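The task is simple: from the sequences and hints, build the whole structure.
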Amino acid sequence: MREQAIIDGILTEAPYAEGKVRRERRVEFKVPADRIRDFLKLLREKGFELMLQITVVDWPKDGEYELVYQMWSIEHRTHAMVRTRIPRELDKARMPTVRDIYPVAETYERDAHDFFGVYFEGNEKMEMPWILDDTEQGLFPYRKDFDMLAYVKKKYMILDRFDENKDNYVI
Amino acid sequence: MMVSQSELVKEARENGMDLLPLDKDTYELFFGPQHMATENFSIILKMDGHRVVKAIANPGFLHRGFEKLAELRPWHTNIALLLRICVPEPDVPEAIYSMAVDEIIGWELPERAQWIRTTVLEMARVSAYLFWIMGLSFKLGVYTAGQWAAAYRERLMALFEQLTGARVYHIYTIPGGVRRDIPNDAWLRRLRDTVEYIKGKLPDFDHLVFENYITFRRMEGIGVMDKKFALAEGVTGPNIRATGVPYDVRRADPYLLYPELDFEIPVLEDGDALARALVRRYELEQDLYILEQLLEMGPPDGPYKVQDPKLKNLPRFKVPAGDAFAHVESTKGDFGAYVVSDGRNKPYRVQIRGPSIAHGIRVLEQLLVGARIADVPVILMSLDNCPPDIDR
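Chains as they are written, first to last, in numbering that gives the first Met the number 0: chain A, 0 to 170; chain B, 0 to 391.
Don't read these hints as lab results, they were simulated from the structure. As the structure is a computational prediction, the values presented were derived from the model and not from experiment. Where is the CB? At the ideal position from N, CA and C, for every residue including glycine. Misleading hints may appear alongside valid ones.
Computed list of chain A residues with no C-beta within reach of chain B, every gap over 10 Å [stated by the list, open to error]:
| hint | residue |
| --- | --- |
| 1 | A4 |
| 2 | P14 |
| 3 | E17 |
| 4 | D33 |
| 5 | L41 |
| 6 | D61 |
| 7 | E63 |
| 8 | E120 |
Calculated cross-link-like contacts (lysine-lysine; reagent style DSS-like; alpha-carbon spacing at most 25 Å) [as the list claims (entries may be wrong)]:
| hint | chain 1 | residue 1 | chain 2 | residue 2 |
| --- | --- | --- | --- | --- |
| 9 | A | K143 | B | K345 |
| 10 | A | K124 | B | K45 |
| 11 | A | K152 | B | K67 |
| 12 | A | K40 | B | K227 |
| 13 | B | K53 | A | K60 |
| 14 | B | K317 | A | K60 |
| 15 | A | K143 | B | K317 |
| 16 | A | K153 | B | K67 |
| 17 | A | K124 | B | K311 |
| 18 | B | K345 | B | K311 |
| 19 | B | K53 | A | K124 |
Following this line, the structure appears as structure tokens:
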């Protein structure tokens with residue numbers, strides 16, 4: 000099987016990772032957070048040239064963020080998900096940057112920092128404003144414990160049109 | 000009452016605005032979001048005379064938090080939300096989200112649903128390319144061609160309206176198939192007529208835009224990127240094919256009916272604005288050819304969506320725990336969605352990967368350096384930057 004051969008070729012050089020075939024043209028790797036740079040360097044050498052996205056998934060029950068690096072190989076015609084987990088407390092949610100391996104990762108890392116508060120060490124543009132306004136910095140609105148309704152009511156007072164019992168919305 | 004410039008300068012400084020001469024020759028210029036070429040996107044340019052010294056992309060004017068909102072709504076309701084991520088071709092976000100959900104559930108689509116989805120995606124591509132020709136010719140100053148393109152796109156809008164009930168935002172592709180069937184055979188005939196009509200009009204566009212001396216003078220050798228740079232920056236779609244990489248999702252990761260269709264992937268080597276424009280022009284021709292093949296094939300008989308009792312009660316529609324990544328080729332590039340489900344009636348996480356996040360930020364900043372100010376809209380248009388899929 001073509002996909003299994005790709006995984007075997009990568010795992011012989013990266014024994015710290017786990018890999019499995021999801022379906023045709025889809026493979027998946029699990030990597031510890033501190034080896035992510037080594038692993039992505041290896042993936043780049045093995046023909047995964049394009050980084051499509053860095054997705055952050057918040058799992059408050061486990062107290063962890065899951066980071067999924069979406070990679071595509073033009074040579075092998077295969078999509079690879081590289082999964083890693085880091086703690087979701089804001090002072091511990093830190094990752095090494097991969098912008099020297101995939102320059103485009105700089106943009107994706109800024110995106111992840113703006114919405115989730117994952118800090119990528121070594122990325123110079125981490126503190127630069129991205130999509131959110133100055134007043135919204137530090138809120139990290141895509142975290143699961145962010146109360147959107149309370150924030151909207153606080154920010155846009157005019158929208159608070161509930162009646163005294165807080166049951167019905169008054170137009 | 001006349002206000003002297005020094006008073007304006009003073010007032011601007013007091014309000015924290017530094018859009019003023021930095022020294023004798025250089026100054027800062029806010030390009031957008033009001034500028035027509037940038038479409039709700041802003042670039043902060045540091046200019047030396049009429050040359051750009053430094054460019055900083057400044058996104059965020061279209062941020063509506065779709066990914067967060069999608070976590071609060073039932074699976075099918077999200078279609079009406081996520082399609083607003085790509086304005087010129089809203090069928091693409093619908094299709095990737097539906098494909099990812101189909102993959103998590105493990106549904107095999109009926110052939111008729113696959114045919115309709117492929118046709119709708121190709122119609123969306125043609126209409127998005129016509130929209131892009133309109134934008135390009137307005138920026139080049141060839142207004143006639145732009146108005147033609149808008150008028151021809153209107154024919155596709157009318158077809159979409161007959162098929163889906165809406166002109167721009169169709170809300171048509173749903174997990175499990177499509178929302179309703181093809182109205183009648185007359186619709187197929189009208190689609191065939193429209194494809195023939197637009198195909199007959201392509202030479203006019205060539206005469207006026209793509210073989211025009213002005214186009215060559217304005218676009219040749221501007222915004223050049225090479226293969227290595229494009230790959231490292233994650234550029235996809237026509238922009239990477241203009242640098243010589245034959246990467247097309249329809250070929251590389253075939254979905255729906257594309258394995259059965261015959262089409263070419265136009266590739267040019269130059270990597271400048273002209274090459275990117277010409278690749279798009281050739282692709283428009285290929286898309287019309289694909290539509291002809293689909294019409295030749297005809298819609299297969301059978302149901303237009305999956306026959307599953309789950310689809311009878313949509314508010315309680317649940318998706319088993321799992322995740323999937325699906326992507327399609329849009330006119331802007333590789334458009335992908337990553338969907339995570341935890342078994343409830345709402346998605347746990349939806350992330351949309353817009354192609355412009357790769358070529359609209361870092362690539363744009365680097366290509367603009369050294370360009371003249373009149374070339375900034377041309378470079379933006381040749382990259383086909385679509386701000387809503389950066390901001391989401």
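Query raised in the report: What are the numbers of the hints the structure violates, in ascending order?
Result: Hints 13, 17 are the ones this structure does not satisfy, whereas the remaining hints hold.
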